[in-house]
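Q: Quick mapping for you: the protein sequence lines, in order, are chains A and B.
Going by the numbering used here, the first sequence opens with residue 1, and the numbers climb by one from there.
Going by the numbering used here, the second sequence opens with residue 456, and the numbers climb by one from there.
Just so you know, these hints were derived from the structure itself, not from any lab.
None of the values given here were measured: they were computed from a predicted structure.
It cannot be assumed that every hint is accurate.
What the hints assert, rightly or not - Listing some non-contacts, in silico: residues in chain B with all C-beta distances to chain A over 12 Å:
#: 1; residue: 459
#: 2; residue: 493
#: 3; residue: 549
#: 4; residue: 628
#: 5; residue: 655
#: 6; residue: 701
#: 7; residue: 703
Unchecked claim - Here are the simulated DSS-like cross-link-like pairs (lysine-lysine), alpha carbons at most 27 Å apart as the crow flies:
#: 8; chain 1: A; residue 1: 414; chain 2: B; residue 2: 708
#: 9; chain 1: B; residue 1: 755; chain 2: A; residue 2: 445
#: 10; chain 1: B; residue 1: 522; chain 2: A; residue 2: 10
#: 11; chain 1: B; residue 1: 519; chain 2: A; residue 2: 395
#: 12; chain 1: A; residue 1: 63; chain 2: A; residue 2: 77
#: 13; chain 1: B; residue 1: 657; chain 2: A; residue 2: 430
#: 14; chain 1: A; residue 1: 270; chain 2: A; residue 2: 193
#: 15; chain 1: B; residue 1: 617; chain 2: A; residue 2: 414
#: 16; chain 1: B; residue 1: 475; chain 2: A; residue 2: 10
#: 17; chain 1: A; residue 1: 10; chain 2: B; residue 2: 755
#: 18; chain 1: A; residue 1: 274; chain 2: A; residue 2: 63
#: 19; chain 1: A; residue 1: 414; chain 2: B; residue 2: 523
#: 20; chain 1: B; residue 1: 523; chain 2: A; residue 2: 244
#: 21; chain 1: A; residue 1: 244; chain 2: B; residue 2: 708
#: 22; chain 1: A; residue 1: 414; chain 2: B; residue 2: 654
#: 23; chain 1: B; residue 1: 755; chain 2: A; residue 2: 425
#: 24; chain 1: B; residue 1: 657; chain 2: B; residue 2: 617
#: 25; chain 1: A; residue 1: 414; chain 2: B; residue 2: 522
#: 26; chain 1: B; residue 1: 475; chain 2: A; residue 2: 395
#: 27; chain 1: A; residue 1: 270; chain 2: A; residue 2: 211
#: 28; chain 1: B; residue 1: 755; chain 2: A; residue 2: 414
#: 29; chain 1: A; residue 1: 10; chain 2: A; residue 2: 146
#: 30; chain 1: A; residue 1: 10; chain 2: B; residue 2: 708
#: 31; chain 1: B; residue 1: 654; chain 2: A; residue 2: 10
#: 32; chain 1: B; residue 1: 522; chain 2: A; residue 2: 48
#: 33; chain 1: A; residue 1: 193; chain 2: A; residue 2: 244
Where is the CB? At the ideal position from N, CA and C, for every residue including glycine.
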Amino acid sequence: MSAVRLHGVKVPHRKTTAGSTPVRMGVPSVVTIPMSMHIGVPAEPVVKPGDQVKVGQLVAVAKGAVSSPVYSSVSGKVKKIDDMLMSNGRFMKAVTIEPDGAQELYEGLAAPEVSDYASFIAAVRESGVVGLGGAGFPTAVKLDVKDLTKIEAVIVNGAECEPYVTSDTRTMLDDTELVWDGVQLLRKYLNAKRVVIAIEDNKPECIRTFKGLAQGNSGVEVVSMPSLYPQGGEKVLIYNVLGKIVPEGGLPIDVGAIVINCTTLAAIAKYIEKGIPLIEKCVTVDGSAVKEPKNVIVPIGTPVSEVFDFCGGFKEEPRKILYGGPMMGIALPGMDYPIMKNNNAILAFGERDAVTPEPTACIRCGSCIESCPLNLMPTEFAEAYENRDVDRLRKLKVNLCMECGCCSYACPAKRPLVQTNRLAKALLTKDIAEKKAQAASAAAKKDEREEVASK
Amino acid sequence: MSELYVSSSPHIRSGRTTQKIMLDVIIALMPALIASVLIFGPRTLLLTAVSAAACVACEALWEKLMKKPCTVSDLSATVTGILIAFNVPAGMPVWELIVGDVVAIIVVKMLFGGLGCNFINPAMVGRVAMFLSFTADMTNYAIPSKAVDALSSATPLSVMDKLTWSDFPALFLGVHGGVLGETCALALIIGGVYLVARKVIKPIIPLAYLGSCLLFSCLFGGEQPVLSLFSGGVFLGAIFMATDYVTSPFTNKGKLIFGIGCGFLTAAIRIFSNSAGGVSFSILLMNLLVPYINSLTMPKPLGGVSEK
Chain A
1 MSAVRLHGVK VPHRKTTAGS TPVRMGVPSV VTIPMSMHIG VPAEPVVKPG
51 DQVKVGQLVA VAKGAVSSPV YSSVSGKVKK IDDMLMSNGR FMKAVTIEPD
101 GAQELYEGLA APEVSDYASF IAAVRESGVV GLGGAGFPTA VKLDVKDLTK
151 IEAVIVNGAE CEPYVTSDTR TMLDDTELVW DGVQLLRKYL NAKRVVIAIE
201 DNKPECIRTF KGLAQGNSGV EVVSMPSLYP QGGEKVLIYN VLGKIVPEGG
251 LPIDVGAIVI NCTTLAAIAK YIEKGIPLIE KCVTVDGSAV KEPKNVIVPI
301 GTPVSEVFDF CGGFKEEPRK ILYGGPMMGI ALPGMDYPIM KNNNAILAFG
351 ERDAVTPEPT ACIRCGSCIE SCPLNLMPTE FAEAYENRDV DRLRKLKVNL
401 CMECGCCSYA CPAKRPLVQT NRLAKALLTK DIAEKKAQAA SAAAKKDERE
451 EVASK
Chain B
456 MSELYVSSSP HIRSGRTTQK IMLDVIIALM PALIASVLIF GPRTLLLTAV
506 SAAACVACEA LWEKLMKKPC TVSDLSATVT GILIAFNVPA GMPVWELIVG
556 DVVAIIVVKM LFGGLGCNFI NPAMVGRVAM FLSFTADMTN YAIPSKAVDA
606 LSSATPLSVM DKLTWSDFPA LFLGVHGGVL GETCALALII GGVYLVARKV
656 IKPIIPLAYL GSCLLFSCLF GGEQPVLSLF SGGVFLGAIF MATDYVTSPF
706 TNKGKLIFGI GCGFLTAAIR IFSNSAGGVS FSILLMNLLV PYINSLTMPK
756 PLGGVSEK
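Chain B with its partners taken away, still in its complex shape:
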C-alpha cells in the first residue's frame, strides 16, 4: 500500500477558487465591453486585448526575473488589464496604454509583493499615471465614428450645465464621449448584478458609493446631481474598482463606510475642483484608509472578554 496523506483538518474545501472569482469578474465586464465596441468601434477590442496581454506579460516576466512561481493563471492580471483599457478613450495610442499597464502591474502590484499585497488599486493607479503623463490623449473623448456635437466630443461632465433630462437615455446607454468602459451604465449594472448574483461581491460598496455621491452632490449644490451620476466613471468605479477585495474593507460596516467615503470624495472633487479624475482619486484616497477602517470595524469575537 502506498503512503497515506496526513494533513490538518478540514479535509474538504469549497469549490470557490481565486481563478473562478476572477473569471466571474471578466464575465461581468463583457456587457460593458460589447457596449463599448458598439459605441466606440472595433478599436476597443484592440486596446482591451493589448492591455490584458501587457498586464499578463508584465506579471509573468517579473516572476520569471525574480525566480518566483508564475501566477498569471489566477487571472487577476487579466482583470487589471481589461480595467485599465476601460479607463482610456478610444483614440489612446497603444504604447501609452502599455505604460499604464506596466505602472499598474510592476510598480503597484509586483513591487509590493504581488496579488493581495498591494495597498491601492493597480488599475486606478495605472489610470492616474496615464492621466497625468498623457493628459491630452487621455481627455480626447471623441467618438471616432460620430459627428462632432456636445455629447459625443466631450465627457458629459464638462458640459453638465447644458444637459437636460432629455439627454438621460443617451447617458444611461452610454452613447456619449468618455473612456471605453465607463459610458454605458446599463452594461455596467448588468455586470454588477451578475457579480452580486454569483456572490463575488456584495452590493454594499456600489450602493453606498452611488447613494452618497448623489446625496453629497445635492448637498454641495452641484449641477444636475442625477445626470452627473450617470456621467463619467462613477458606475465603473463603484461596481468594479471600489469592490476590489484587496483594497476594500473586510466587514459590511467597513464596506459601508468605504462606499460612503468614496461617494463623498467623488462629489466633493467634482464640484469643488472640477477635475475629471474624481472617481480615481477618491477611490485611491479611500484605499489608503482601508487598514484604519478595518481596525475600527473589527467584528467583536463571540464571548470575547476585553483585556483590562
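Same shape as in the complex, but just chain A:
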C-alpha cells in the first residue's frame, strides 16, 4: 500500500442492512427495461409489441463495440416499446413487458463454452454484465485488454464506501463461491498473476471470509482498506492499493491495473457456470422514510415503487428518492423509475433528510481542497466558473473531477460545489468542442482558398 493516503471524508456508515440476507420479491406488475443501462451505445430491441418472452430471453442486442445486450427479467408479453424519460433528463427507448406471473425460464439458456481468453470475453459480453458498482461500463470492454502481459494486478473492488449500501457486502457473504470462482476465471483467462481483493475495514466478516479462502492461494491477496470515502473510487483504489497514479485521460490498464466490482465478478461467474444472464439485482432498500429496510433481489425493470411496497412501504412521506447511495446517487423525480442493471440501492428520505441546506458565503476555509482525493481546488473552480473563465478551469483541471461529493460534504458553508464542478466540466467540454469546430472550419476555408488560388 502506498505511504501517502489520498484525502477523503469520514462519512457516516449507516449500513443497517448489512445483516439482512437478500429476499427475492414477487413478480412485479410491470417491468420497464431501458435500452441504456450502461455507458456506450444503447442496445437495439429484437422483440416487438405482442411478443411472448420468457425469463432470460434476449430482448435487445448490443449495438457496436461499447454496448451490452439486455435480457428479460420476467416471462410475459411485450406491451410496448417507446421512449421513457430517464433520470438524467434524456429520453431513452425502453421495452415494457407485462409479466404473466409464471416466471418460466427461457429454454435457450445454457452455460456458454469457455475455453480461452477470446471465448471468455465473448461470454462476458453475452452475459449482459456491466459495471455493477454504479458506473455501468460494459465489463467485456473493460476486460478486453489488447496485451494481457500489461496486466500487473486485478483489484476486486469490495470497498463499498457509500453509506447505507450493503448489496456488495451481501454478495461477498452470500455468493462467496461465485465471487471466488470469478477470481479463478480472471486468473485463468486474463492470466492475472496478482489478484487483490480490497475491502473496507467496516466489513470484517467479508475480510475474514476471503482471507480464509485466499490462504494458501498464492497470487490472491485480501487487503483491509481504511473506511475513508471514496475508497472504492477506481483511481483512489488503484492509488491506495498499488501506489500508482492513473494519468489524465488514461485508463487503469495504462498503469497495469484492472478494477472490477465484486458483484460484477459474481454475475460473470453465474453466467459462465449456469448460463443465467444479468436479469435481477440485489438492491439495498433503506433511508429514513422506509418502513422495513432490507436487501431485496429485484427483477430488472421493476418500478421502484413496487420495491418500496415490498419493504412495507413508507413510515413517513418520502420527499427524496435516490438511485444509489447518498454521496453519488441520483435523485429521482418520480416513483415509477425502473431498477436498472447498475443500481445497487434505492433510498427514500423524509422531509428532514431531503431538504438541501441553504448555501452561505464561502469562508475560504479550504475544507473542499483538504477533502478532495484528487487534490483539486473546488472553491477555485466555483470562482472560475462564476467568471466563465474557461482557461482557468482548464489549468485547474476541473475535467479530472469524478464528482465523488467530498467537497460538498465537507463544506461548512453548504455550497453546492459538486453541482458547480459539473457545470464547469460541461462548460469546458463545450469550449473544447467549439474550438475544434472553429479549427475545422478554418482549415476548410484555407483549403477552399488554396483551391481557388490554384485555379
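Use these hints to put chain B onto chain A, whose structure you have.
A: Here is chain B on its own, set in the frame of chain A:
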C-alpha cells in the same frame, strides 16, 4: 403524494457549519476574556460587549440598507467585534472603539462583498485605524487598578532592555500593561489548543509564526528574544488573527510560508522600527500576499498532465 426534491449529489452533508466554526472561535476567546477581566477589571466586559454589538449592528444595518439578506447569525461579525475589543487598552473611550468597529465591518468587510470577500483581516485594519487616529488612547496601556510601575504602565515591549527572566511569570500570565486580549499568553494558548482540538484551525500558522518570530529576533540581535515573544500581541495575532480563513492560504505549505512571513516581519518591524504595531502590520502585509502564496502552492492534481 407531495412532490419529490430533486437535487445534485451529494445528498448528505457534514454537520460543520460556518456558525458552529465561529461559535468555536468565540468559545476559544473566552479564557482570554476572563483573564482580561481579572487583569484589567470589569471595563473589559463593557468594551467587549459594545464592540461585538457595534460590529453586528453595522453588518445588519448595511445589509438592510443594501437590501441584502441578513447574515449576522453566522457570528463572524461577533468574532470581529470581540477581536477588535481585544486590541484596545482598558481605558479606551467607547466611541473611539466604535470607530474601529465601523471601519472593520463597513469599509473592510461589507464594501468588499461581505464574509469571505475581504482580502485583509477586518479586525486588524480596525486596530490599525484606531492606532493611527487615536494614538494616545491606544497606547495608554496602564492597568487602572494597579499602582504605577514599569510593567503595569507600559507594554513590556517598550521596556524590553530592563526585563529579566524573573519577569517571565508576569509576562506569561499577562499581568502587565497592554491591550485587553493580548497580555495573557496562557489563556490564548488554551484557546488555541481548543481550536486545534476542535479542528477549527491547524497549528501550522501559529507555530510557524511564533517559531520564525523567535528565530528572526535572535538573528536580528533583538533584546530578550524569548521574553519579547511573550509581550505585545504575538500570541493573539498568531493564534486568532493570522489563522483567519478568509485571509490566510489554503494549503499546508501555503500556511507555513504565511506563518514564517508573519514572524519574519514582526521581528523585523519590532527590532528595526521599534513600532508597537509590529504584529498588525506584518499580518496585514502577509494578507496581501495570500493570493500569490495560494497560486504558488497550488496542490498538484492527481494524475494531472500539465499542458504543453
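Q: Hints first: check each against the structure and report whether it holds.
A: A quick look at each hint next to the structure:
1. 459: At about 6 Å from chain A, residue 459(B) fails to clear the 12 Å cut-off, so the statement is violated.
2. 493: Holds, because the least Cβ-Cβ distance between residue 493(B) and chain A comes to about 32 Å, which exceeds 12 Å.
3. 549: holds (30 Å)
4. 628: holds (32 Å)
5. 655: violated (9 Å)
6. 701: Not fine: 5 Å to the nearest Cβ puts residue 701(B) too close to chain A.
7. 703: violated (8 Å)
8. 414(A) x 708(B): holds (26 Å)
9. 755(B) x 445(A): violated (40 Å)
10. 522(B) x 10(A): Judged against 27 Å, a Cα distance of about 39 Å means the pair is violated.
11. 519(B) x 395(A): This hinted pair is violated, its Cα atoms lying about 39 Å apart.
12. 63(A) x 77(A): holds (24 Å)
13. 657(B) x 430(A): Measuring from Cα to Cα gives roughly 39 Å; hence the hint is violated.
14. 270(A) x 193(A): This hinted pair holds, its Cα atoms lying about 23 Å apart.
15. 617(B) x 414(A): violated (53 Å)
16. 475(B) x 10(A): holds (19 Å)
17. 10(A) x 755(B): Between residue 10(A) and residue 755(B) the Cα gap is close to 23 Å, so the pair holds against 27 Å.
18. 274(A) x 63(A): Given pair residue 274(A), residue 63(A) holds - Cα atoms ~25 Å apart, limit 27 Å.
19. 414(A) x 523(B): Roughly 19 Å between the alpha carbons, so the hint for residue 414(A) and residue 523(B) holds.
20. 523(B) x 244(A): Cα-Cα ~49 Å, so violated.
21. 244(A) x 708(B): Roughly 24 Å between the alpha carbons, so the hint for residue 244(A) and residue 708(B) holds.
22. 414(A) x 654(B): holds (18 Å)
23. 755(B) x 425(A): Cα-Cα ~18 Å, so holds.
24. 657(B) x 617(B): The given pair, whose Cα atoms are some 36 Å apart, is violated under the 27 Å limit.
25. 414(A) x 522(B): holds (23 Å)
26. 475(B) x 395(A): Violated - the C-alpha atoms of residue 395(A) and residue 475(B) are around 34 Å apart, more than 27 Å.
27. 270(A) x 211(A): holds (22 Å)
28. 755(B) x 414(A): Given pair residue 755(B), residue 414(A) holds - Cα atoms ~25 Å apart, limit 27 Å.
29. 10(A) x 146(A): violated (38 Å)
30. 10(A) x 708(B): With a Cα-Cα distance of about 23 Å, the restraint between residue 10(A) and residue 708(B) holds, given a limit of 27 Å.
31. 654(B) x 10(A): holds (14 Å)
32. 522(B) x 48(A): It is violated: about 61 Å lies between the C-alpha atoms, which goes past 27 Å.
33. 193(A) x 244(A): Holds. Residue 193(A) to residue 244(A) sits at ~17 Å (cutoff 27 Å).
Hint compliance for this structure: hints 1, 5, 6, 7, 9, 10, 11, 13, 15, 20, 24, 26, 29, 32 are broken, all remaining hints hold.
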